[in-house]
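Taken in order, these protein sequences are the chains called A and B.
According to the numbering used here, the first sequence is numbered sequentially starting from 8.
According to the numbering used here, the second sequence is numbered sequentially starting from 1197.
BS3-like mimics (lysine-lysine), calculated; alpha carbons at most 30 angstroms apart, straight line:
#, chain 1, residue 1, chain 2, residue 2
1, A, Lys361, A, Lys376
2, A, Lys353, B, Lys1673
3, A, Lys499, B, Lys1630
4, A, Lys571, B, Lys1703
The hints are simulated quantities; they were obtained by calculation from the structure and are not laboratory data.
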Amino acid sequence: MAAWDLTVTVEDLGPDAPPLQISVTSDLHIGGVILKLVEQTNLKRDWSDHALWWEQKQQWLLRTGWTLDKCGVHADARLIFTPQHKPLRLGLPNGATLKMRACFSSPVFRTVMGICRVLNLRHPEELSLLRPVEEKKKKKDKDSSEELYDLTDVPLTAGSVQALYNGMPAHFADSPKTEAVYKMLSVSLPSPAPEAIAKLYRPASIVDKTHIHTRWLDSSRSLMQQGIQENDKLGLRFKYYTFHDMDPKYDAVRLTQLYEQARWAILLEDIDCTEEEMMLFGALQYHIGKQSLSQDMVSSCQGMDDLESALKSLEVKMVGDGNSTDMLDNMTAPELNDHLKIFRPKRLTLKGYKQYWCKFQETSISYYKSKEDRYGEPIQQLNLKGCEVAPDVNVAGQKFCIKLLIPAPEGMNEIYLRCENEKQYSQWMAACKLASKGLTLLDSSYQSEVQNIQTFLSMQRSSSAAPTSQTDESINTHSLVSPRYQKKYKPKQLTPRILEAYQNIAQLSLTSAILKFLQIWQALPDFGISYFMVRFKGSRKDEVLGIANNRLIRIDLGVGDVVKTWRYSNMRQWNVNWDIRQVAIEFDGNINIAFGCVNADCKVVHEYIGGYIFMSTRARQQSDTLNEELFHKLTGGHEAL
Amino acid sequence: MEQFSDDELDHAAEEDSDKEDQDLDKMFGAWLGELDKLTKSLDDGRPEKVKKAPLRQESNMANMAYRFSVYNINEALNQGDAVDLDALMADLCSIEQELSTISKPSSASSHLGLTGDAKVRQKPPAGRSHSTKVGSSNSRPPLASNFSMDDITAQLEKASQSMDEAARQTPYSSSTMRRPTSHHHHHRTGSVGTVTEHEVRSFVHSSRSSINSASASSMDSLDIEKPKSDTDGLQDGQDQPSSEEEQAAKQKAEKIRVALEKIKEAQVKKLVIRVHLSDESSKTVMVDERQTVRQVLDSLLDKSHCGYSLDWSLVEIISELQMERIFEDHENLVENLLNWTRDSTNRLMFIERIEKYALFKNPQNYLLGRKETCEMADRNKEALLEECFCGSSISVPEMEGVLWLKDDGKKSWKKRYFLLRASGIYYVPKGKAKASRDLVCFLQLDHVNVYLGQDYRSKYKAPTDYCMVLKHPQIQKKSQYIKYLCCDDVRTLHQWVNGIRIAKYGKLLYLNYQEAMRRTEAAHDWSSLSSSSIKSGSSSSSLPESQSNHSSQSDSGVSETTSSGHVRSQSVVSSIFSEAWKRGSQADEPKVTIEELYFSNLN
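Hey, can you work out the whole structure from these sequences and the hints?
Below, the structure is given as structure tokens:
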């Protein structure tokens, strides 16, 4: 057989080196080509990760057993000999950029699996990569200054089960640098400055939202095939809004990143919510931020990571060195006694606050005319069990009121307690909160409740004093809400609202607070809907198709109203006509719809629908292994095979 | 012996429940008499408490409970018709039995708690000086070898704490009424001197080593016993106490512990309640404060032989406000009944209500936000429920539309566009679109329950008869805090009510339903095996006996494709797909048949 010259560029020889010419015959297999190539370079190194990339055809020659003839390679082919794994700048859901090696030759689906394995994220099928929003040129200088986490040196481990070392997967425990990366991944980042939120791109309309989803990469083709170059930036996001088998024990990174994605979706008004919901989200963000900081401190303190051992040592300390007299003195009696001003709003009265001697005992407040009368009968005894407690506080105005709505057969009794100062307020407020849940001052959570209230008050103080300065201790409440509410309220108006919502969640642990945040996010009516601009067959105008985890929604672009909902459970079959780029779906009862995509690739839409159907098949599968084949069958169309 | 008498009573009830047994009646009368006496002695015994009663009456749970039960018994006795005395008597007997076993030790131990309790009210002004004295007494070498000290003190601490609790509950806990009350009385007038030396010492121990537990009761008892213990210490000098004393203290502690357990059991509030049936008759039953609605329903169903069905409900009827609510199965019945006022005309109905679980029988009518009723295959229903209730969060059905809202204090109704979200009920303010950000919160659901209004057309001039009411469960009278909403049709009403239930209880509702299903099926199995006649009403009655196992039943309900789906599952899926692809590549348009795939995997 005739020998001919094949031109191959070897990247490792440097950008200016001329391509190598190797003499081959058409029945030589790819493995043989590589062998010849390596011999000719005279370089001694590990070539195992290298493969041939056929530039004109935009495809990898990965089957080493195939002959050149079978691959269709002729003398005019320009091949590049290049590593399959290349560094990639990955924009994470929390906004950080991580540089790491990813596979450029396998389908994106598998590339994401590899990335997630390194990041210790379970269920990689829920995530995918998307192209970043095109940044304007003038921002170039800022780009270079952004903090970059680097994981490129971390070897890719083959095993899926990661051994934990120091509470993190072993490959993170190598150096302080990688430990820092793991911390970034698994601990939520502090709240961004309000100005930073306002600067970022926010979709203003449903049309804007359809643009986001045009940027998803095709899961069944490789990064190289989609024109992604070494060191390019891509976003890693949760794509399918159905989160399987979430377990805080194994999912530290997954939970944190999902929380970050949800947080940004809310801050950037990607998903709409009501004012009440926004305040609760704000309170939860504040709480999660604070808990993450304190968790840091605990984990840095060696030997105290176990709560139980910490408690034990505390106990020993108390029993050991404490002289009982001191202890008795330190012990607070389980009641509060103080002068408070009380106000009962009634119709047609303008009477203001009046001072009484108040006693908080068990779950009740008794009040007396004066301190001297305290052994007599109280003017009134209020049982707070089951009541609603709301703060009415303005630190700058030195107003510390507790609003109580106490249920009674006749209706709700509205009563205001006015405290003198922060200390008094936090004690009584904490007591009221506990009593409303039927707990007494003896309850162990009392002290922490008092503390929580105090820190929150101090936050209000600092934010009203210096609205721009931002430290770890104080957070501007503007950084907890979306720009819409930043505009609507001043920090000092916002803080009491968030404080009110905060009362109900202050006792949550870090993990439960994150779970709660996700739960409320998932309960929003518009949660998990990905929008695409489509044109239905037979229709002359553009419409929006919403794809959710259980249904398709047809939305009128003009009004924004839902026109029709189809559920996957009624879906009989769907297919894609690649020639005219049209997706056709048949539902029960002979309902047929067909549409073409206006701004996204038809494949993206097709993959989204197939992807959700794939996700629903996971529910009953006991095995942990991911059925990659099924995913490609459901999402790829015949192109994939 | 106890068991036996119970059985006997039950038999009597079954054989002829209408005949009132003379003996039982007498016993019951005697019991009531005793109760009356106790009421009096209670009132005499606690003049202080009575005087201290607040001028403006806030609801006092404790007193209410007591009054409530007495009231109901009296009512039952006066009416005399169809009172289920037998069942009641059985319950009372068991309580009596319990009491007789515990009355001895409890009399001794109740000293401890009561002293603590008394202290709470009469704090000696010189409290501080006492505590310093304790410090000095504590500087003595320990009184005993340490080997079992911790054990004893822990028990004692627990004892004193719960004694305290017990003492506080004495006034209304019908079961612990006998002995403790008399002691209560005694203690008010008596002195600390009645406490024995051993007890005093053990108290000193307990308060010393359990100090960091910050227990109120141990603190209190410590304070009041201190003077005595100091003198004690002086008498004993610095001597090591004999081990006999220790032994005695240990025994005492053990006794206290045993007594405590018994008291805890007996201390459980039990309420005698009257349950009305649909045929105007009523039953009197005793419920335990820990019982859930489901448990009460089960026992009612057991006793009434009325056939098992999911629809049996306990319905609260607030006659004054003309509204009613079906209690959810997970709710605590006594807690809810304690919200009633003393003079309440509220009634508790035991009745079949299809709307209780209609949501789960035909979820498509409630969860999909459709306007028209429709049919759905069983397997689709199950998938829909699974999707709605078993995900990582609860999807609240998208309820929205125009409802009528009653103006505060007026008989006029205004139209508003309302929306239901997981975070509460919202409305669209005038002149705004229904974007989330502009919605105004009408109310949040944490503190309110949803009731059905009865005949509000005439009572409040409502536009239709399909009204729902949102209010705090404790509100029993007309109030501005009660919100009235009116729907255009009954379908909308039930969609809203169920939507609110889902937003409020979430998965709990589904679990309740599943539990109720299990009960019904189990009951059916049992009754079909014992071949006793049951009223129809159980939907599964037509099924052959071989399917009595409920798991096989639920499978059969999922239709034929799925039962084979278990076996086929994945391999079938892939073969379907390869076929589809073959066809697809020929036609250049791959057809993906997902239905089979979807459901074989869902089931």
